[in-house]
Every structure is written in structure tokens, then in C-alpha cells.
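As you go down the protein sequences, you meet chains A and B in turn.
Position 77 of the first sequence, counted from 1, bears residue number 76 in numbering that gives the first Met the number 0, the numbering being contiguous throughout.
Position 143 of the second sequence, counted from 1, bears residue number 142 in numbering that gives the first Met the number 0, the numbering being contiguous throughout.
No wet-lab data here; the hints were simulated from the structure.
Be aware that one or more of the hints could be misleading.
Unchecked claim - With a Cα cut of at most 16 angstroms, we get these calculated EDC-like pairs of lysine to aspartate or glutamate:
1. A/Lys288 x B/Glu112
2. B/Lys172 x B/Asp89
3. B/Lys148 x A/Glu372
Unchecked claim - Derived Cβ-Cβ restraints for the label pairs, each shown as a range:
4. A/Trp143 x B/Trp26: 49 to 55 angstroms
5. B/Ala200 x A/Arg198: 41 to 47 angstroms
6. A/Leu245 x B/Trp26: 51 to 57 angstroms
7. A/Leu290 x B/Asp83: 20 to 26 angstroms
All values reported here derive from a predicted model rather than from experimental measurement.
Even for Gly, the Cβ is constructed at its ideal location relative to N, Cα and C.
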Amino acid sequence: MNETAAPTAAHSALSAPRRGPAQGGKAVAWMRENLFSSWWSTAVTLALAYLLIRYAASFIDWAFVKAIWSVPTGANGLPDTTSCRDNPGGACWAVIAEKHRFILFGTYPYEEHWRPMLVCCLFVGLYIVSAMRRFWNWRIVPIWLVTLTLIGILMWGGVFGLSYVPQERWGGLPITLILATFGLAFAFPLAILVALGRRSRLPAIKAICVLYVELIRGVPLISLLFMASVMFPLFLPEGMNIDKLLRAQIAIILFAGAYLAEVVRGGLQALPKGQYEAADALGLSYWKKTLLVVLPQALRIVIPPLVNTFIGFFKDTSLVLIIGIFDLLTAGKTAFMEPHWQAFGVEVYVVLGIIYFIFCFAMSKYSAGLEAELNRHRRR
Amino acid sequence: MSAAETLASSVRADAPPAILLERVNKWFGALHVLRDVSMQVAAGERVVVCGPSGSGKSTLIRCINRLEEHQEGRIVVDGIELTDDLRSLDAIRREVGMVFQSFNLFPHLTILENCTLAPIWVRKMPKKQAEELAMELLTRVRIPEQAHKYPGQLSGGQQQRVAIARALCMQPKIMLFDEPTSALDPEMIKEVLDVMVELAATGMTMICVTHEMGFARQVADRVVFMDRGEIVEQGTPQEIFGNPKTDRLRLFLSQILRGH
Ligand SMILES: Nc1ncnc2c1ncn2[C@@H]1O[C@H](COP(=O)(O)OP(=O)(O)O)[C@@H](O)[C@H]1O
Ligand SMILES: [Mg+2]
Chain A
0 MNETAAPTAA HSALSAPRRG PAQGGKAVAW MRENLFSSWW STAVTLALAY LLIRYAASFI
60 DWAFVKAIWS VPTGANGLPD TTSCRDNPGG ACWAVIAEKH RFILFGTYPY EEHWRPMLVC
120 CLFVGLYIVS AMRRFWNWRI VPIWLVTLTL IGILMWGGVF GLSYVPQERW GGLPITLILA
180 TFGLAFAFPL AILVALGRRS RLPAIKAICV LYVELIRGVP LISLLFMASV MFPLFLPEGM
240 NIDKLLRAQI AIILFAGAYL AEVVRGGLQA LPKGQYEAAD ALGLSYWKKT LLVVLPQALR
300 IVIPPLVNTF IGFFKDTSLV LIIGIFDLLT AGKTAFMEPH WQAFGVEVYV VLGIIYFIFC
360 FAMSKYSAGL EAELNRHRRR
Chain B
0 MSAAETLASS VRADAPPAIL LERVNKWFGA LHVLRDVSMQ VAAGERVVVC GPSGSGKSTL
60 IRCINRLEEH QEGRIVVDGI ELTDDLRSLD AIRREVGMVF QSFNLFPHLT ILENCTLAPI
120 WVRKMPKKQA EELAMELLTR VRIPEQAHKY PGQLSGGQQQ RVAIARALCM QPKIMLFDEP
180 TSALDPEMIK EVLDVMVELA ATGMTMICVT HEMGFARQVA DRVVFMDRGE IVEQGTPQEI
240 FGNPKTDRLR LFLSQILRGH
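Required output: the full structure, derived from the provided sequences and hints.
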């Protein structure tokens with residue numbers, strides 16, 4: 000393109016002063032090139048534009064124009080949802096107004112909702128701090144330990160005048176964040192060890208790692224969760240019991256670990272042999288070589304698939320609903336179980352979707368920025 | 000020239016050899032890559048190894064710092080025999096520096112970090128001292144101003160000079176070079192060779208795989224010609240280049256001369 004354009008530009012430069020492309024003309028030019036370059040492209044553009052506008056319009060109509068935001072309390076003391084039910088063309092956001100605390104915190108005692116609320120804020124704060132490269136050193140360890148201890152104290156209570164809340168009553172967003180955070184925080188180091196182990200020269204270590212990855216990958220997460228909740232207790236000695244949440248957590252860690260291990264292994268394989276040799280020649284021991292030379296490079300290479308897997312697992316934590324753990328999705332589903340709210344599941348799912356989207360989109364955005372920053376050194 | 004000659008005469012024949020190879024054999028699977036290779040390098044001696052591609056030159060010097068393991072024979076480096084013992088391996092790697100054809104700098108670290116990594120983590124040198132040492136050596140290879148850049152921002156010649164500085168930061172007694180200028184554009188070869196000539200003048204024990212005959216003539220005490228895994232001929236640069244005794248060497252010399 001540029002090569003062919005250059006001579007003409009040179010010609011016109013002789014006759015008239017060259018003009019840069021007009022600012023306003025840019026958008027028009029872009030549209031002409033991308034949307035209306037041929038009759039076929041024009042037709043597709045128009046058809047898609049029609050569909051887009053039609054559906055966007057009807058969505059806006061449903062979600063905002065015809066929506067009902069609150070309902071009165073009926074004679075029996077329950078909310079009276081007749082106005083919503085008589086309005087099938089509009090959303091009934093009253094279900095969210097009424098049930099949002101249940102969706103977010105499940106069956107956690109109502110007066111104590113500030114505690115899981117604070118827990119969610121602590122988790123978000125922990126993510127933000129961990130995302131800052133300034134804290135990528137030993138300081139991150141005490142930060143995590145203190146935050147997680149605080150989270151434990153807030154959720155359980157029983158100390159500092161906080162009332163004790165048994166684990167069966169936890170629910171909603173904190174459960175999802177607990178499963179995802181602990182899941183990935185443990186699965187990631189596990190994955191690195193397994194990926195390294197798969198490349199080990201020691202046949203026993205290699206075999207164990209291969210076996211682990213292949214076994215776990217060959218089974219759906221759902222069946223792993225079932226095994227964790229039903230079979231696992233059978234193997235434990237009489238009287239000893241690990242609680243349900245922890246069992247699900249372990250299943251998620253093992254599952255995520257196998258997938259992440261393969262991602263990490265991809266990064267290890269992408270690293271040129273010369274990097275290993277240079278580190279060897281300098282006398283770095285295996286672990287120093289791995290930590291200082293190999294992993295920093297290998298992990299950078301696999302940031303996109305790594306985050307892809309992270310995002311997948313954040314959402315997969317919702318599968319714990321099948322073993323009766325009350326995560327965000329389960330809480331949402333339960334929220335519209337009551338007869339008078341039953342018709343308004345879509346509204347709840349839209350809100351759940353938005354919550355999941357916020358977390359996943361933040362991860363995705365962050366990883367794009369991180370990738371650009373960490374791979375700066377590759378640019379010439 | 001004269002500096003090299005005076006240094007050459009300073010090599011003491013009575014000192015124990017820096018490197019000793021005795022009937023070393025190595026196979027890659029069925030491929031016999033080193034055949035009964037015996038060789039001695041005295042402390043302070045500078046040896047150039049040449050030979051056709053695939054003749055086992057890289058394998059030979061990689062055996063000396065045990066990037067490759069030999070299967071038969073004995074290799075003794077600075078009085079330490081190369082065995083499976085991990086401690087001997089550590090000791091060897093501290094004494095022997097290596098420069099690769101493809102530089103192999105660590106792309107995620109700055110030039111300065113590349114140079115201080117091993118001194119800090121292997122030699123347990125305080126960071127500040129390691130940085131001073133690195134700057135001193137970067138000055139010696141004439142790129143102190145690039146210290147805070149990343150390898151990807153440097154030219155090939157500059158990267159190879161950093162690689163030399165990085166190896167020297169471990170203060171090795173012996174330096175191995177595996178075709179250090181083969182991956183470079185012609186205009187950058189000289190800047191790397193100049194650094195190597197200066198290094199030779201400091202009395203460093205060097206084994207250098209290269210086809211740069213000018214360099215060999217200028218600094219080598221001895222040239223070793225390898226072909227098909229064997230040492231075919233060795234002698235002073237004048238003997239090897241001026242008076243080849245075997246057909247194989249004559250053929251090789253005619254090929255590299257035509258190449259130039
Ligand atoms: N890691 C290896 N595995 C198998 N064969 C190898 C390996 N490294 C080198 N070789 C073979 O050994 C022979 C000698 O290689 P090398 O020492 O690199 O030769 P040179 O450096 O003289 O070109 C070549 O035939 C090469 O293909
Ligand atoms: Mg080679």
C-alpha cells in the first residue's frame with residue numbers, strides 16, 4: 000500500500016503542497032474501507048446494522064423504558080408482584096432490589112451482612128495490591144497472610160465479639176471469591192511444579208506428573224466435584240471429616256493445576272535451549288536457573304493462555320452448585336425460587352452475568368496491560 | 000603481535016595443565032562425535048580450534064564445562080576431574096566461562112542484570128560490588144553506556160561483547176568461545192575480535208572455536224584442526240596455515256580461503 004502510494008505523493012508534492020488526511024475524513028474513509036467497500040459488504044453492513052438496532056432497541060425497551068423498579072408490599076406482608084406480572088414486555092428489577100443481598104451473600108445472617116461485604120472488599124483490595132508490580136516481592140506474602148486471616152475471622156467470627164457463623168450458612172459472592180482465589184493461588188504453584196516435573200530427568204517424578212495431568216484432564220470437573228463430595232469421605236477414617244467447601248476447594252485446585260501445568264509447560268518448551276545452557280555455563284544451580292532465568296521468561300510467554308485459563312476457572316467455580324455449595328450462581332438461582340418471584344429469573348441472570356463479567360473483564364484487561372509491559376524488552 | 004608473542008613465551012611448560020583431555024570419546028546415539036581426543040592446554044595458553052562444520056568442535060569445548068557429558072576418557076580442568084559428582088561440576092563452572100555463537104543473553108534482564116546475576120547468586124557477591132565489577136567489565140568491552148538497556152535493544156556485536164563481559168564477571172580462569180563471531184554481520188566482527196584480542200593479552204587461558212584466521216594468527220599459541228571428531232593436526236598458526244601436512248587440512252583451508 001505505502002509503496003504504491005509513495006510515487007503519487009512525490010508527484011503531487013511537485014505541483015501542490017501536500018496535505019495530510021483531513022481529521023473528519025478519517026472516519027468516513029475508515030467506514031468506506033471496512034463497511035462499504037463492495038455491494039456485498041454494504042449489504043452485510045446494512046443487515047447487521049438493522050438487526051443490531053432492532054435488538055438493542057428492544058433490549059433498551061425491556062430493560063429501561065418498560066421496566067418496573069420496585070413493587071409495593073401486599074396485604075400479607077410479602078411483596079406484591081402483580082404489576083410486574085402484568086407487564087411481560089418489561090424487566091422487573093424489583094426482584095434485584097428485593098433480593099440483592101440474598102444473591103450476594105446467600106443465607107449468611109442478615110444483620111451480619113456487613114461482614115461478607117467487607118470480605119468482598121478485602122478480596123478486591125487483595126487483587127489490586129497483587130496486581131501492582133511494586134508488591135511483587137517478599138512483601139506480598141505477609142499481605143496475603145494478613146488479608147486471608149482477616150477474611151477467615153470475618154466469615155467465621157467467634158472472636159472479637161463477632162458472632163460465630165457456621166460454614167453452612169456462608170454463600171454468594173464470598174464463596175465464589177474464596178473458591179477462585181484459593182483455587183488459583185494454590186493451583187498456580189502446583190502447576191509450575193508439575194510442569195517442571197514433567198520435564199524432569201528423573202523418570203519417577205516425570206511419570207507421576209504425567210499421570211496426574213492425564214488423569215485429571217480426562218475427567219470432567221463435575222465428576223471430580225462429585226468424587227470429592229461423595230467418594231472422598233468414604234476413604235477417610237471413621238469420625239474424621241473434611242468439610243464440603245474444603246473438599247470442593249481441593250477438587251478445584253487439582254483440576255485447575257492440571258490445566259495450568261500444561262499451559263506453563265508450553266512456556267517452558269518455547270524457551271530456546273541456549274537460555275538453559277547459558278544459565279548452566281554461569282554455574283547457576285537447577286533452582287536458581289529455574290527461578291531467575293527460566294520461569295520469568297516462560298511465564299511471560301504464556302500470559303494470554305494463562306489468563307484464559309484463569310478466567311475459565313473463575314466461572315467454573317459455579318459448578319459447585321451441583322454439590323450444594325451456595326456460591327453466587329446458586330444464591331442467584333435460589334433468589335427467585337419463591338412463588339411470587341418465580342417469573343423473573345432472567346433479571347437475576349442478567350445481574351449475575353454482569354458481576355461475573357466485571358471480574359473476568361478486569362482480569363483480561365489487566366493481563367493485556369501486563370503482557371505489554373513485561374514484554375517491552377522484546378521490542379527493538 | 001609483539002604483545003602476543005611475549006605472552007606466548009611466558010607460558011610455563013612446567014606448570015600443571017589448565018585443561019587435560021585423555022582419549023575422550025563421545026557418542027550422540029550411534030554417532031561417534033569425539034574419537035580418542037587427547038589434548039593439553041597450559042595455563043595462559045590460547046588455543047584456536049578449527050575444522051569443518053559438524054566435526055565436533057562445539058561438542059569438544061562443551062565437554063570441557065560439561066554442557067555435554069563425555070562417555071570415555073578423562074577430562075581434568077584446573078586440577079578437577081569431571082565426574083558425575085555435582086560438587087566438581089559447580090567448581091568447574093565457576094572456573095570456566097563460556098561465550099556462545101548465539102550470545103544467549105537473558106532477554107528479560109538488563110545488560111547490567113545479565114552481568115551481575117551469576118556473581119550475586121553463585122558467588123554470593125554483594126549486589127553493589129557485583130555492579131561495580133560489571134561496570135568495570137562493561138567498560139572493558141566498551142559498552143558501559145548500554146548497562147540499563149535490554150539485550151533486544153543492542154546490535155549483535157554489542158550483545159556478544161556483553162556476553163563476554165557476563166562470562167568475565169564470574170572471574171573465570173578459563174574462557175571458552177564457540178564461534179563467537181559466526182552469527183555477526185561482517186562490520187561487527189571486528190569489535191568483538193578486538194575485545195577478544197585484548198582479553199588474550201591479559202594472559203587468560205582461552206579455547207576459541209573460530210575460522211577467523213587473522214585472529215588465530217594474531218593471538219593463538221596453537222591451532223588445533225579437527226575433522227570428523229578427531230584432532231587431525233595441531234601446531235602454531237604458521238605451521239597450520241602455512242604448511243599443512245594432511246590433505247584434509249589442505250582441503251579445509253582452501254575452502255575457508257575461498258569463502259573469504
Ligand atoms: N545434542 C545433539 N544430539 C545429537 N547429535 C548432535 C548433538 N549435538 C551435535 N550433534 C552432532 O554431532 C556432530 C558434531 O557437532 P558439533 O560439535 O556441533 O560440530 P561443530 O561445532 O564442529 O560444527 C554433528 O554431526 C552434529 O549433528
Ligand atoms: Mg559448532
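Now for the hints, and whether the structure bears them out:
1. With a C-alpha separation of about 14 angstroms, the suggested pair A/Lys288 and B/Glu112 falls inside the 16 angstroms cut-off, and the hint holds.
2. For the suggested pair B/Lys172 and B/Asp89, the alpha carbons sit about 14 angstroms apart, so the restraint of at most 16 angstroms is met.
3. Pair hint B/Lys148 plus A/Glu372 holds up; C-alpha atoms about 15 angstroms apart against a cutoff of 16 angstroms.
4. Between A/Trp143 and B/Trp26 the Cβ separation comes to about 51 angstroms, which falls inside the hinted range of 49 to 55 angstroms.
5. For B/Ala200 and A/Arg198, the hinted distance range of 41 to 47 angstroms is satisfied, since their beta carbons lie about 43 angstroms from each other.
6. Checked against the hint of 51 to 57 angstroms, the C-beta distance between A/Leu245 and B/Trp26 comes to roughly 53 angstroms, which is consistent with it.
7. The hinted range of 20 to 26 angstroms is satisfied by A/Leu290 and B/Asp83, whose Cβ atoms lie roughly 24 angstroms apart.
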